[in-house]
Amino acid sequence: GAGVSQSPSNKVTEKGKDVELRCDPISGHTALYWYRQSLGQGLEFLIYFQGNSAPDKSGLPSDRFSAERTGGSVSTLTIQRTQQEDSAVYLCASSLRSGSKDTQYFGPGTRLTVL
Amino acid sequence: TQLLEQSPQFLSIQEGENLTVYCNSSSVFSSLQWYRQEPGEGPVLLVTVVTGGEVKKLKRLTFQFGDARKDSSLHITAAQPGDTGLYLCAGQNTGGFKTIFGAGTRLFVKA
Chain A
375 GAGVSQSPSN KVTEKGKDVE LRCDPISGHT ALYWYRQSLG QGLEFLIYFQ GNSAPDKSGL
435 PSDRFSAERT GGSVSTLTIQ RTQQEDSAVY LCASSLRSGS KDTQYFGPGT RLTVL
Chain B
501 TQLLEQSPQF LSIQEGENLT VYCNSSSVFS SLQWYRQEPG EGPVLLVTVV TGGEVKKLKR
561 LTFQFGDARK DSSLHITAAQ PGDTGLYLCA GQNTGGFKTI FGAGTRLFVK A
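Sequences listed follow chains A and B, in order.
With this note's numbering applied, the first sequence covers 375 to 489.
With this note's numbering applied, the second sequence covers 501 to 611.
Extracted from the complex, chain B is given alone in its bound form (with noise of 0.2 Å):
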């Protein structure tokens, strides 16, 4: 059975600091997934790595795929209180369907 665990599972920090969310597997996953979640609302694609060592950056989030594509990271830069949310890291295999989600990191960002 594949299993995504992801860490720390509760963050609250001040506003402006930095912060890295880890996503870790023992599994290879053809691609990996981030999404973030509000309350009363279904989970949102952030973005979609596949190749290992990848990088990519969205604004201040910046998200890095490993290079065995076992794990990933979610770095946030000068965090603001609207990033405040559920973010849940999904792998996927080639040629599948079945999504693997793993349990979330919930961040709240203080003013």
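Pulled out of the complex, with its shape left as it was, chain A reads as follows (with noise of 0.2 Å):
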């Protein structure tokens, strides 16, 4: 079956536009996950999805940045307003369920550079 899939691959940017970033997960998974990784570095939480209840926002490093997940499904990142320290790539899991444990399992990624 069809793995975790994430658009546009490579997005390059200007400072100050707002973008944004497209997951759509494995049918069925009830979690969501986005992360940030940055060149050398390992992943950072950004925030997570499960089913109807609220999202867990916590690992947002600033307001400038948001996510939505409409339907339970398909997933959006925006970041508005981007700077530099934004570049990185953003990676997007799902899982069939949140706790420990469990498995999941990772898109490609979307490289962003912010110019």
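Heads up, a few of these hints could be off.
Some chain B residues flagged as far from chain A (calculated, every beta-carbon gap over 10 Å) [claimed, not checked]:
hint, residue
1, ASN518
2, LEU519
3, LYS557
4, THR577
5, ALA578
6, PRO581
7, LYS610
If we take Cβ atoms under 7 Å as the criterion, some of the chain B residues that face chain A in the derived model are [as the list claims (entries may be wrong)]:
hint, residue
8, GLU541
9, GLY542
10, LEU545
11, LEU588
12, ALA603
13, GLY604
Because the hints were derived from the structure by calculation, they are not lab data.
Virtual Cβ for every residue (Gly too), placed ideally from N, Cα, C.
Combine both chains into one complex, guided by the hints.
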């Protein structure tokens, strides 16, 4: 079956512009995660969606970042007024459910470059 | 704040050599996972360990969870060029969803 897909694969934007990153999770997966991976770094948790519950936004670095998940499936991560420090690979993952030992399946990521 | 420290950060070895990667924390985790990530792709789960002292083997890879569930190691026997990649450890807590990732160990195996 299809895995997690993300689009675009690469995005180059100018400082101050808004960008939208899309994630299509594996069908039937109720949990969806967004992470950010800077060059040479591990993954930084951004936001988590589980079913119809309110998302956990505790990892979002500033109010310029927001995310939504429509119909419990596709998710969009929006970054407003992008800054150069936002440049990173943004990874999305989905899983059947939350909790420890749950396997997260990752998409290939979107590489964002802010000039 | 829970942190996971990985060492070494970078490792370049010859094909056939053995290596060990370490993942350490001052915090206890209910489970710990190891992922491998190749350029342009997302991380792929290799193994999950949940019991203190647990040892799991995956072909030439041996994973161990510390007795106190604060640390873990990954040992690769007779490394091959196909083992090249970024190895990430990640910890989770019971009932939680947040996964704490280490910064990774970048392994390069030369033929």
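* **Nearest-CB test (10 Å) between chain A and B/LEU519** => holds, 19 Å
Closest CB of chain A to the CB of B/ALA578 still more than 10 Å away: holds, 27 Å
| Per the CB criterion, is B/GLU541 less than 7 Å away from chain A? | holds, 5 Å
Margin query: Please verify that the nearest CB of chain A lies beyond 10 Å from B/LYS557's CB.
Written below: holds, 18 Å
Practice item. Answer holds if the nearest beta-carbon of chain A is closer than 7 Å to that of B/GLY604; otherwise answer violated. Key: holds, 5 Å
Point to revise | chain A contact restraint for B/LEU588 - C-beta distance below 7 Å | key: holds, 6 Å
Minimum Cβ separation between B/LYS610 and chain A greater than 10 Å?
Correct as stated: the minimum Cβ-Cβ distance to chain A is 21 Å, above 10 Å.
Given as non-interface: B/THR577, partner chain A, CB spacing beyond 10 Å: holds, 25 Å
Nearest-CB test (10 Å) between chain A and B/ASN518: holds, 24 Å
### Task
Verify the interface restraint on B/ALA603: the C-beta must sit less than 7 Å from at least one C-beta of chain A.
holds, 4 Å
Hey, does B/PRO581 actually stay past 10 Å from chain A on C-beta? Given a closest Cβ separation of 22 Å, the condition holds.
message: So, as I understand it, the hint says B/LEU545 touches chain A; can you test that by seeing if any CB pair is closer than 7 Å?
response: holds, 5 Å
Checked against the numbered hints above, the structure violates none of them.
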